[in-house]
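S.K.: Letter by letter, the chains look like this.
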Amino acid sequence: MHFGLAGAARRRWKEGAIQSALFVCAVVSVVTTVGIVIILGKESFGFFRHVSPAEFLFGTRWTPLLEPRSFGVLPLLCGTLLVVAGSSLIAIPIGLVSAIYLGEYASDRIRRIVKPVLEVLAGIPTVVYGYFAVSFITPMLMKAIPATQVFNAASASIVVGIMILPMVASLCDDALRAVPQSLRQAAFALGATKYEVSTRIVVPGALSGVIGSFVLAVSRAVGETMAVTLAAGATPRMTLNPLESIQTMTSYIVQVSLGDTPAGTVEYQTIFAVGALLFAVTLAANLGAHRVLRRFREVYE
Amino acid sequence: MNVKRFTATAAVAAAAWGCGGGGGQGESGGLGGTVHIDGSSTVFPITEAVAEEFGREHRDVRVTVGISGTGGGFKKFLLAESDINDASRAIKEAEADRATAVGIEFIELPVAYDGISVVVHSDNPFVDHFTVEELEKIWQPGSTVQRWSDIRPGWPADEVRLYGPGVDSGTFDYFTEAVNGKAQVCRADFTASEDDNVLVKAVSGDKNSLGFFGFAYYAENETALKAVLIDGGAGPVAPSFETINNGTYSPLSRPIFIYVNRTAADRAEVNAFVDYYLEHARLLVTEVGYVPLPDRVYDLARERFAGRVTGSAFLGKETMGVKIEDVLAGGR
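As you go down the protein sequences, you meet chains A and B in turn.
Quick note: the first sequence uses our numbering, first residue 1, plus one each step.
Quick note: the second sequence uses our numbering, first residue 1001, plus one each step.
There's no promise every hint is true.
Claimed, not checked - Non-contacting residues of chain B with respect to chain A, defined by C-beta distances greater than 12 Å in every case (computed): (1) 1054; (2) 1055; (3) 1057; (4) 1161; (5) 1198; (6) 1207; (7) 1267; (8) 1300.
As the list claims (entries may be wrong) - Heads up, simulated DSS-like pairs for lysine-lysine below, C-alpha to C-alpha not over 27 Å straight-line: (9) B:1092 with B:1182; (10) B:1207 with A:143; (11) B:1201 with B:1226; (12) B:1075 with B:1137; (13) B:1004 with B:1076; (14) B:1182 with B:1075; (15) B:1076 with B:1182; (16) B:1137 with A:42; (17) A:143 with B:1226; (18) A:143 with B:1137; (19) B:1137 with B:1076; (20) A:194 with A:115.
What the hints assert, rightly or not - Listed next, with one range per pair, are the computed distances between beta-carbon atoms: (21) B:1224 with A:35: 32 to 40 Å; (22) B:1080 with A:116: 53 to 61 Å; (23) B:1034 with A:53: 30 to 38 Å; (24) A:145 with B:1146: 13 to 21 Å; (25) B:1005 with A:125: 50 to 58 Å; (26) B:1055 with A:25: 41 to 49 Å; (27) A:32 with B:1079: 51 to 59 Å.
Worth flagging that the hints you see were computed from the coordinates, not collected in a lab.
Even glycine gets a Cβ: it sits at the ideal position worked out from N, Cα and C.
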């Protein structure tokens, strides 16, 4: 009996220790996020003492490293959005359609080949994509359209699109598979064609997951750094022409942090201000995604 | 008995450990220690080449070369965190004053010439020379030059595509200072790249291109590019080893320097390194692709170092297109 009690106490202590350890692991992510937010906030606060937030958010000239200095971030935002729009145009339609094909139409054999290849595409390092864009896509574009510059947004968009394609495809695939077979069979029973079933029953039934995948892919494209740094250029400008060289928020951060800007100066603080803006944009996208997901969520019994 | 054996082993190990390593004397009995160098990314290739060759002869001396930029490097130099500062410009008044304030004396040594070539596509039929005023018109901030006809009436109305190094580049600082009067004053809408090879490729592939980069890159790709003659007031001059060397390719040629901490210079390894640098500069500078100084100037520099002559001969003076001999020989 003595034995039993001592064993129980030790077991309780062990269970308590394990619970604490797991809690600490879970809390690490929260602490890290809080830490990042604090650092971004602190340095951005320092930045906004020199530059008014209005000038930062609404100015159209971004020359923090050239004289005369201007701190209007819109060109960077414009560059990021241009690349995101271009890559979404590629990844979203193709990704969704691939998912529909793999889920509804493809034979097992084709599925077994295509799915792993998609995974491989997802695993390629982004710097390799950037180099691929510069050495393969850009020359091809320059031959096809002579007005293309040596750094251009189109090349970066194409490559980022290829990069986020697997994400869209596999998330849509999961979402589509969650739609119960009974719905499909009911539709077939009513005489619908496979095409009608896929587009009018399955996709709407998985809408929240599908849109969620789009938003996740867009978030990824917003934060994409290496590919755009290598391929899109370093010229901040407000333009919708994808054949020109632009600069995104992420590649600006790379440019300044790899350069010889002394710490503590306004130029250095722009890294954090732009980083905070990037964080805010991604956060807004994710929050928006949650909202949408909740609205369209279908609960299948 | 175990304790005795353990103590004996520990004693032997400690003795062996104490013998190795330690201080400025290497095991070969030759030079040892570390030489800390930082500063300009423009001068870096030369210093790095010298460090490599020097390291082959003196295996126990560690030479570290950083690239914090000329300004960043001076900051470290004035905190005595580096022994030598690579500089693509002469020391500024404020920096020299600070040196006096903190009691750091420096020895200023020119090591090479840096020239900038302005280039266009090799098939460009109408551009042969630019005046400095025209260059300023093209590159100033807020410039309205979009077409060739905006530069000089009579030229075609095709769009000019501008290429140049990015804002972190010493070449960029230097070009903007020479053309626009102040470093980093420049229009913002040109295609920038830190990688000069990318610029070469871009200019040689675009019929309407206009770019600038270090002379070394033009010299390596002469067949693919066309160098524009620059008229600095005395007629158009083409960039070449000779014209950069004798200062006639102006204002786009200038000397680059190393600054040696006077106290550090008394350390055997630093002394040996700087001597080696000046002795082999001509060869290594050419190998790296920069323009070497005339032999006379290297001799003057060696005398300057041997005599530990401190202070800057270039302070407050123009360094664009000057004849170094005159400045150095002119004394402090």
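S.K.: If any of the earlier hints don't hold here, list their numbers in rising order.
M.R.: Of the numbered hints, 4, 5, 6, 12, 13, 16, 18, 19, 21, 23, 27 do not hold.
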